[in-house]
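Colleague: Whenever a hint applies, use it, and build me the whole structure from the sequences.
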Amino acid sequence: MSAVTQLEDVRARIFDEIPSGVVLVDPSLTIIDHNRAFADLFGEARGNPCYEATKGRSSPCPSCPALESFSDGHQRVIEQQGNDSNGREIHYLVQITPVMGADNRPEYVAAITTDLTATRRLQREYKTLFEQVPCFVAVINRDHRVVKGNELFRKTFGEPTGEHCYRLYKRRREPCQKCPVDRTFADGLSHASRQMGMARDGRPTPYLVFTAPLLADDGEVTHVIEMALDMTAHEDLEQKLSRATVLRQALVESSLDAIVVFDEKQKVLLVNQAAEDLLGCPLDEMIGRPAPKRLIPKALYPVLKGRENQVLLHETAVTNFAGERIPVRIAAVALEVDGKFGGAALIAQDLRELKRLELEKMEAERLAAVGQTVAGLAHGIKNILTGLEGGMYVTSSGLKRGDEGRVHQGWEMLERNMGRISDLARSLLAFSRGEALTCREISPADVVNDVVELYRDGASQQGIELSADVDDGVAPAWMDPEALHSCLANLVSNAVDACLVSGNSGCRVEVRVREGDGVLVFEVVDTGCGMDYEVKQKAFTSFFTTKERGGTGLGLLLTRKIVQQHGGSIVLETEQGEGTTFRLEFPRDRLPKPETEEE
Amino acid sequence: MSESVHHRAPLVAIVDDEQDIVTYLRLALEDQGYRVLTVTESSTALERLAAVEPDVVCLDLLMPKHTGVALYAEIIRHPDLAGCPVLIMSGLTPKEDLPKLLEEAGGLPQPACFMEKPIRVEQFIEALSELLRTAEGATT
Chain A
1 MSAVTQLEDV
11 RARIFDEIPS
21 GVVLVDPSLT
31 IIDHNRAFAD
41 LFGEARGNPC
51 YEATKGRSSP
61 CPSCPALESF
71 SDGHQRVIEQ
81 QGNDSNGREI
91 HYLVQITPVM
101 GADNRPEYVA
111 AITTDLTATR
121 RLQREYKTLF
131 EQVPCFVAVI
141 NRDHRVVKGN
151 ELFRKTFGEP
161 TGEHCYRLYK
171 RRREPCQKCP
181 VDRTFADGLS
191 HASRQMGMAR
201 DGRPTPYLVF
211 TAPLLADDGE
221 VTHVIEMALD
231 MTAHEDLEQK
241 LSRATVLRQA
251 LVESSLDAIV
261 VFDEKQKVLL
271 VNQAAEDLLG
281 CPLDEMIGRP
291 APKRLIPKAL
301 YPVLKGRENQ
311 VLLHETAVTN
321 FAGERIPVRI
331 AAVALEVDGK
341 FGGAALIAQD
351 LRELKRLELE
361 KMEAERLAAV
371 GQTVAGLAHG
381 IKNILTGLEG
391 GMYVTSSGLK
401 RGDEGRVHQG
411 WEMLERNMGR
421 ISDLARSLLA
431 FSRGEALTCR
441 EISPADVVND
451 VVELYRDGAS
461 QQGIELSADV
471 DDGVAPAWMD
481 PEALHSCLAN
491 LVSNAVDACL
501 VSGNSGCRVE
511 VRVREGDGVL
521 VFEVVDTGCG
531 MDYEVKQKAF
541 TSFFTTKERG
551 GTGLGLLLTR
561 KIVQQHGGSI
571 VLETEQGEGT
581 TFRLEFPRDR
591 LPKPETEEE
Chain B
1 MSESVHHRAP
11 LVAIVDDEQD
21 IVTYLRLALE
31 DQGYRVLTVT
41 ESSTALERLA
51 AVEPDVVCLD
61 LLMPKHTGVA
71 LYAEIIRHPD
81 LAGCPVLIMS
91 GLTPKEDLPK
101 LLEEAGGLPQ
111 PACFMEKPIR
121 VEQFIEALSE
131 LLRTAEGATT
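Protein chains in written order, with my numbering: chain A, 1 to 599; chain B, 1 to 140.
Everything labelled a hint here was simulated from the structure, so no lab data went into it.
Honestly, I wouldn't trust all of these hints.
Said to hold, decoys possible - Once the Cα atoms are required to be at most 27 Å apart in a straight line, the calculated DSSO-like pairs of lysine-lysine come out as: (1) K265/A to K240/A; (2) K100/B to K561/A; (3) K293/A to K305/A; (4) K100/B to K382/A; (5) K95/B to K382/A.
Modeller: Have a look at this one:
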């Protein structure tokens, strides 16, 4: 191959390798030749008219730049829009250069096309970004005038007709002291700052402002692009959050309940003042350390170790740092952090005051009972005194008349009423002695069965059916068995009497024991005579008796006293002619507790 | 009231479940020449009183079964016993307990006379004769 042919071959290869599309067109606009890049864009088009190849037209374009260059012999550069070989819309830059013939007139024109489609798409995307970004974007010149604003800016401040930025954002008449735009103009760098503006309604509006330089080809900052983010909602939220945090802190701090928060390793994270008071240890000595085991009832550890979610102990005791046992109601709650066990909170209510009030209440009830006792005592004594008065009258009138029979009758009356005075004094002594309970763990059902066993035959002989109804599920209880026995025995004895008085045949007395909602319940139910209003009112009054064959009138009072000593109460339901139910209710958490009991 | 009735001794009914008190008051009244009806069983008391229409009823307030207050209410409402004065005798105090009891029983009127136990014979006889005098004055 000759050197000339070799050069031609290199030229042809370069022509094909040029990354821009190159096409050669004759005066009839027929494509004489093109390179590979052109074919890649518009397909093989040699011999076809250029308007057909690049734009899918059947006739030349209205102002064809190629024809113009054929006509005037000048180069020209224009931006064109057409369709590629797949029909896709494309943008390209065309540089048209006439190729002169021998007559110095253009024989062909060469068109070099550069594909601008990607650039145009990017431009559109930037424009969309500029317009749609959810903050104010403005282009500002050295004179602080806004020359361009995005959609949000225009919507809020109107079309930027060269207004000053400080007037729009801050309603000021002169530039700001510390202008971020000035700063970027001065050093050519981006800056961020917080600015306080003013809305049209005069409301102060906080902005987070970013400024960035827009540079000319020579590197000079011609404009600054400023982005301003309205922080009102954000700051409101921040304020609310901070307020909520402060309130929550105050709530924990001022809570009357002791609150201790542990991390997942049972180390103390947070302690409030009530906890410090309850436990008797300075807060700063507890933080970051595991709490001493004696402070935490065993039953709460499963929560502290994340094995259970919640445990509530209605009544228990903790030993504080001074070694004092403190009655508390305590709850442990597991805390979840990011969906995992993150620790636990203990909330403890100091029951010392409550216990004191309970004791005071029981004392007040006891005093009220004493008051009733005294009133009843006076009433009982008055009746006996009348009997004695009568005995004296009958004796002395018998003596005056020499009537030995009457003297004898009067003497008997005196003796009888003296005896009543003695009985009364003994009963009163028994009642007022206030014996302490001797408690141990007993089976409530056993006591009921014992009482029924004791009275069944006697009742049966008088035509009364006495039976026990015992719920097997009743757990043992810490009570005084003898005291409970005498309560039930007294109520059964009353019930049997009520049946006898009623005169009805086939009367029944039932003694029941059951448990529900943490309350141990005994009932003595009879189908006897029942009580009218007056008797019911006086039932718990001492020395009030309806028993014709005597009775100290202290039985129910003693029963009530014993029930109260066990933290319980008596309910009386009665219907005259229908029968009576005495119900003894003992809440388990108020029953006496063994001295050494540990939770 | 007819002339013949005036010559008969007044009939006093005593209603109390305490046998000794009944004996005491019966003897004391009979010693003064009164006729006496004694009732210790309160459930049949109203029937017996209505049958004899006594000149005065002496009633104990706190009795078993048929309590005194209920009986008092029945006596003052009974057509045959209307106008028969009732003397209530009780260990209750007249100023505090009695008004409360009457109020609780539905607002019963005060009895014609109230005697607080223990009862001394002289005061009892005096109160009774005063009561009878007043009752007689009211009917003549």
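Colleague: It remains to establish, for every hint, whether it holds in the given structure.
Modeller: Hint-by-hint comparison with the structure:
Taking the CA atoms of K265/A and K240/A, the gap is about 32 Å. The hint is violated against a cut of 27 Å. Restraint check for K100/B and K561/A: satisfied, since their Cα atoms lie roughly 26 Å apart, inside the 27 Å limit. The hinted pair formed by K293/A and K305/A meets the criterion: a straight-line CA distance of about 13 Å does not exceed 27 Å. Of the supplied pair hints, the one linking K100/B and K382/A holds, its CA atoms being roughly 19 Å apart against a limit of 27 Å.
Simply put, K95/B and K382/A have alpha-carbon atoms about 16 Å apart, close enough for the 27 Å limit, and the pair holds.
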